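So you can see what is in the structure, the chains are spelled out below.
Protein chains: 2
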Amino acid sequence: MQGVNNNNILWHKGKINKSQRWIMNKHKSALIWFTGLPGSGKSTLSTELEYRLYNMNIRTYILDGDNIRHGLNKDLNFSPEDRRENLRRVGEVAKLFVDAGILTIAAFASPYLEDRKMVRNLFCDGEFIEVYVKCPLEICEQRDPKGLYKKARNGQIKGLTGLSAPYEPPVNPEIIVETDKMDVNESIRIILDYLDRNNVFKI
Amino acid sequence: MQGVNNNNILWHKGKINKSQRWIMNKHKSALIWFTGLPGSGKSTLSTELEYRLYNMNIRTYILDGDNIRHGLNKDLNFSPEDRRENLRRVGEVAKLFVDAGILTIAAFASPYLEDRKMVRNLFCDGEFIEVYVKCPLEICEQRDPKGLYKKARNGQIKGLTGLSAPYEPPVNPEIIVETDKMDVNESIRIILDYLDRNNVFKI
Chain A
1 MQGVNNNNIL WHKGKINKSQ RWIMNKHKSA LIWFTGLPGS GKSTLSTELE
51 YRLYNMNIRT YILDGDNIRH GLNKDLNFSP EDRRENLRRV GEVAKLFVDA
101 GILTIAAFAS PYLEDRKMVR NLFCDGEFIE VYVKCPLEIC EQRDPKGLYK
151 KARNGQIKGL TGLSAPYEPP VNPEIIVETD KMDVNESIRI ILDYLDRNNV
201 FKI
Chain H
1 MQGVNNNNIL WHKGKINKSQ RWIMNKHKSA LIWFTGLPGS GKSTLSTELE
51 YRLYNMNIRT YILDGDNIRH GLNKDLNFSP EDRRENLRRV GEVAKLFVDA
101 GILTIAAFAS PYLEDRKMVR NLFCDGEFIE VYVKCPLEIC EQRDPKGLYK
151 KARNGQIKGL TGLSAPYEPP VNPEIIVETD KMDVNESIRI ILDYLDRNNV
201 FKI
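So the sequence lines, in the order shown, correspond to chains A and H. With the first letter of the first sequence counted as 1, position 179 gets the number 179 in the working numbering; the numbers rise by one all the way through. With the first letter of the second sequence counted as 1, position 34 gets the number 34 in the working numbering; the numbers rise by one all the way through.
If you are wondering where the hints come from, they were derived from the structure by calculation, not from laboratory data. Values in this document were obtained by computation on a predicted structure and should not be read as measured data. Among these hints, one or two may not hold up.
Copies of one chain are not kept apart here, so a pair can be met inside one copy or by any two copies together.
When the alpha-carbon atoms are kept at most 27 angstroms apart in a straight line, the in silico BS3-like pairs for lysine-lysine are as follows [said to hold, decoys possible]:
| # | residue 1 | residue 2 |
| --- | --- | --- |
| 1 | Lys158 | Lys181 |
| 2 | Lys146 | Lys18 |
| 3 | Lys74 | Lys117 |
| 4 | Lys15 | Lys134 |
| 5 | Lys134 | Lys117 |
| 6 | Lys202 | Lys150 |
| 7 | Lys158 | Lys74 |
Full structure from sequences and hints, please.
Here's what the structure looks like:
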């Protein structure tokens with residue numbers, strides 16, 4: 001790691017790599033990708049998961065519509081092309097976070113198989129953990145935490161995922177949680193068990 | 001932090017905030033922004049700074065052309081508009097990293113005052129630390145680590161910053177390092193002293 005050191009010829013050490021960050025943090029990094037209908041519970045599970053991981057001394061960060069659509073992706077709208085570009089950029093940013101050693105959490109409806117595959121393909125095997133937040137449309141609409149279904153029924157929103165725009169369920173996700181059948185604790189337990197079994201909490 | 005917990009009404013804890021991450025990491029986060037001519041030493045200083053910080057148990061991440069232009073910003077070219085959009089996205093991503101508790105390092109020529117101001121304005125007071133990597137053009141061209149000056153002289157590159165495109169030096173940067181007059185160790189010492197004096201290494 002030593003180099004020549006004078007005014008003209010400068011040191012050029014390699015950058016610190018992901019494995020070295022894992023060692024410092026005493027845990028691994030990966031991308032936990034929540035997909036599901038609006039109202040299925042993605043945001044709830046993300047924030048609860050982050051809270052639980054924080055208390056386990058695990059470094060996390062949530063990427064979601066709130067911090068992405070208002071900043072990085074504020075130039076994008078909801079056309080199919082812009083939705084895809086939205087997820088492409090989220091995937092690329094998530095890749096940087098995972099490289100930085102952070103157990104990254106993404107919560108996006110991400111209704112298209114093809115778009116989720118595009119994100120998965122950015123990662124090494126085992127680093128992209130797809131969590132299908134499964135819940136019947138009727139229950140999601142009853143919950144309607146952001147009033148989106150109401151607005152869609154009133155014609156104020158066009159193309160709401162699940163109602164008037166398609167949602168393509170994952171074919172072979174790493175994890176499925178059924179939020180109409182289990183409470184938050186049970187869903188979180190399933191996710192934490194998966195991470196533990198896959199040695200994310202040790203290096 | 002307790003919430004109601006049944007199948008319909010879900011918990012909704014707040015997210016973990018930046019201060020809580022600082023406590024876990026035992027250091028603060030900020031954005032260290034290297035600006036300067038091609039060949040001035042931005043990359044060298046970035047990688048050496050990261051190496052030194054790693055050995056101080058500080059969490060860092062470098063954003064630079066290598067990991068940004070080939071991923072997140074691979075849709076952008078080098079037109080003035082795309083250069084600005086490149087830095088806008090870098091600024092927004094850096095903001096997420098700082099929010100995640102990472103002492104973030106950015107190394108971009110970033111020749112325009114206005115563009116650097118746009119990035120600075122995304123951050124709270126004290127969180128954007130501009131480092132002017134000052135070095136005469138002649139010395140940068142002698143070093144020419146990427147062969148850019150040679151290519152520009154041969155007409156293979158148009159609009160090279162410093163040679164055939166403007167570089168607007170910072171008016172009031174937090175830190176100046178003069179890489180023609182001091183070696184890497186001395187530059188790094190100045191930067192680490194600044195961070196120490198501004199209490200980045202304690203919480």
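Hint by hint, here is what the structure shows:
1. Taking CA atoms no more than 27 angstroms apart as the test, Lys158 paired with Lys181 passes in neither setting, with 29 angstroms inside one copy and 62 angstroms between copies.
2. In this homomeric assembly, Lys146 and Lys18 come within 27 angstroms of each other (Cα to Cα) only across copies, at 25 angstroms, whereas the closest approach inside a single copy is 37 angstroms.
3. In this assembly of identical chains, Lys74 and Lys117 lie within 27 angstroms of each other by CA distance both inside one copy and across copies; the values are 23 angstroms within and 19 angstroms between.
4. With identical chains, the CA atoms of Lys15 and Lys134 are at most 27 angstroms apart between copies only, with a shortest distance of 23 angstroms across copies and 41 angstroms within one.
5. In this homomeric assembly, Lys134 and Lys117 come within 27 angstroms of each other (Cα to Cα) only inside a single copy, at 18 angstroms, whereas the closest approach across copies is 44 angstroms.
6. Proximity of Lys202 and Lys150 under a CA criterion of 27 angstroms is satisfied in neither setting, with 45 angstroms inside one chain copy and 48 angstroms between copies.
7. When the C-alpha separation of Lys158 and Lys74 is checked against a cutoff of 27 angstroms, the pair qualifies only within one copy, where the shortest distance is 19 angstroms, while the shortest distance between copies is 31 angstroms.
In terms of the numbered hints stated before, the structure departs from hints 1 and 6, listed from lowest to highest.
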